[in-house]
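The chain contents come next:
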Amino acid sequence: MLDPVVKTVDVPCAQKQAFEIFCDMSAWWPLDKRSMSKMQAGGPAKRLTIDAHLGGRIVETAIDDVEHHWGTFTKFDPNHHLQLDFHMGLPATKSGQVDVTFTPLTATTTRVELIHSNWEGYEDMAEMMRNGYGGNWGLLFEEAYASACAG
Amino acid sequence: MTYSDALTALADPTRRKIFESLWQEPRTVTELASGQTVSRPAVSQHLKVLEAAELVQVTPKGSHRLYSVRRDGLDHLRRYLDQFWTDALESYAVEVRRRTIPN
Numbered sequence: 000m001l002d003p004v005v006k007t008v009d010v011p012c013a014q015k016q017a018f019e020i021f022c023d024m025s026a027w028w029p030l031d032k033r034s035m036s037k038m039q040a041g042g043p044a045k046r047l048t049i050d051a052h053l054g055g056r057i058v059e060t061a062i063d064d065v066e067h068h069w070g071t072f073t074k075f076d077p078n079h080h081l082q083l084d085f086h087m088g089l090p091a092t093k094s095g096q097v098d099v100t101f102t103p104l105t106a107t108t109t110r111v112e113l114i115h116s117n118w119e120g121y122e123d124m125a126e127m128m129r130n131g132y133g134g135n136w137g138l139l140f141e142e143a144y145a146s147a148c149a150g
Numbered sequence: 000m001t002y003s004d005a006l007t008a009l010a011d012p013t014r015r016k017i018f019e020s021l022w023q024e025p026r027t028v029t030e031l032a033s034g035q036t037v038s039r040p041a042v043s044q045h046l047k048v049l050e051a052a053e054l055v056q057v058t059p060k061g062s063h064r065l066y067s068v069r070r071d072g073l074d075h076l077r078r079y080l081d082q083f084w085t086d087a088l089e090s091y092a093v094e095v096r097r098r099t100i101p102n
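Chains L and S, in that order, are what the protein sequence lines are. Read in order, the letters of the first sequence are residues 0 to 150 in numbering that gives the first Met the number 0. Read in order, the letters of the second sequence are residues 0 to 102 in numbering that gives the first Met the number 0.
Hints are computed from structural coordinates only; laboratory data are not their basis. A few of these clues could be false.
Here are a few chain S residues that face chain L, going by a calculated C-beta distance under 10 Å [claimed, not checked]:
1) Val-28
2) Glu-30
3) Leu-31
4) Lys-47
5) Val-48
6) Glu-50
7) Ala-51
8) Trp-84
9) Ala-87
10) Tyr-91
Restraint ranges, calculated between C-beta atoms of paired labels, are given here [claimed, not checked]:
11) L:Pro-77 x S:Asp-86: 51 to 61 Å
12) L:Pro-11 x S:Val-37: 38 to 48 Å
13) L:Pro-77 x S:Ala-41: 48 to 58 Å
14) S:Glu-24 x L:Phe-75: 41 to 51 Å
15) S:Arg-70 x L:Gly-54: 36 to 46 Å
By construction, the Cβ of each residue, glycine as well, lies at the ideal position given by its N, Cα and C atoms.
Chain L extracted, bound-state conformation (with noise of 0.2 Å):
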């Protein structure tokens, strides 16, 4: 079994509002950062769309209007828990699987923790991902982390 990425971020907001705004994935997604039409066609996708309930369907519009599945809800506990078979950029038979849960800490603040796992579903190459040479996970976790509470 391979170690999964972990990101954890405390939003300052009730558990509610804190999934409600998750789901809202077209309102925070940096789509000028992280598409497939950025990475493919050049320039930042027109939209994302998000079918939030169990079974729905994340739909990446590129520039060019290609469009771009990059999961499927498989879990969907409202406020709670959110599972997703994850596979942007590659066909959905090489699934990894993301994980958000959402853990109130406060009245007005709430813990978000993502894990992105089952490296196994990509196949063999995940594990030369995640063993090869360089690069430190747990270190650029750190940096992100402390940079998202800085904000």
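Given the structure of chain L, go ahead and fit chain S onto it with the hints provided.
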């Protein structure tokens, strides 16, 4: 190199086999072709794709060309996935703050 180039390059099973073979040790096209069921020109084509994705590199060795794995190619891929979620969650946190902090 982009993440999708690397993933697309490695999504093909034959290319992945070639890549894994080079991961063990650098080899020439002839050596690679002898271990595969595919023809030598096909191996060359696959190597071109892997080279374009910056996953393998070629160095001259006498009259031969020796192919080897670029370790930094995989680092890119690893870093990409990590940074991917960092950027996403950061944007999410910004949106939460935008909606919750009164003007």
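Outcome of the hint check:
1. The criterion of a C-beta within 10 Å of any C-beta in chain L is not met by S:Val-28, whose closest approach is roughly 22 Å, and the hint is violated.
2. Interface hint status for S:Glu-30: violated, as the beta-carbon distance to the closest one in chain L is roughly 20 Å, over 10 Å.
3. A least Cβ separation of about 18 Å between S:Leu-31 and chain L goes past the 10 Å threshold, and the interface hint is therefore violated.
4. The beta carbon of S:Lys-47 is not positioned within 10 Å of any beta carbon in chain L (closest approach about 19 Å), and the interface hint is therefore violated.
5. Residue-level restraint check for S:Val-48 is violated (minimum Cβ-Cβ distance to chain L is 14 Å; threshold 10 Å).
6. A hinted interface residue such as S:Glu-50 counts as satisfied when its beta carbon comes closer than 10 Å to some beta carbon of chain L; here the least separation is about 17 Å, so the hint is violated.
7. Evaluation of the S:Ala-51 hint against chain L yields a violated restraint, the C-beta minimum of about 14 Å exceeding 10 Å.
8. A least Cβ separation of about 5 Å between S:Trp-84 and chain L falls short of the 10 Å threshold, and the interface hint therefore holds.
9. This hint holds: S:Ala-87 has a C-beta 6 Å from the nearest C-beta of chain L, less than the 10 Å allowed.
10. Interface hint at S:Tyr-91: satisfied, since its Cβ lies 5 Å from the closest Cβ of chain L, which is below the 10 Å cut-off.
11. The supplied range of 51 to 61 Å is broken by L:Pro-77 and S:Asp-86, whose beta-carbon atoms lie about 26 Å from each other.
12. Range check, L:Pro-11 to S:Val-37: about 56 Å between beta-carbon atoms, so the 38 to 48 Å window is missed.
13. A C-beta distance of roughly 51 Å is found between L:Pro-77 and S:Ala-41, which places it inside the suggested range of 48 to 58 Å.
14. The given range of 41 to 51 Å is respected by S:Glu-24 and L:Phe-75, whose C-beta atoms sit roughly 47 Å from each other.
15. Between S:Arg-70 and L:Gly-54 the beta carbon distance is about 40 Å. The supplied range of 36 to 46 Å therefore holds.
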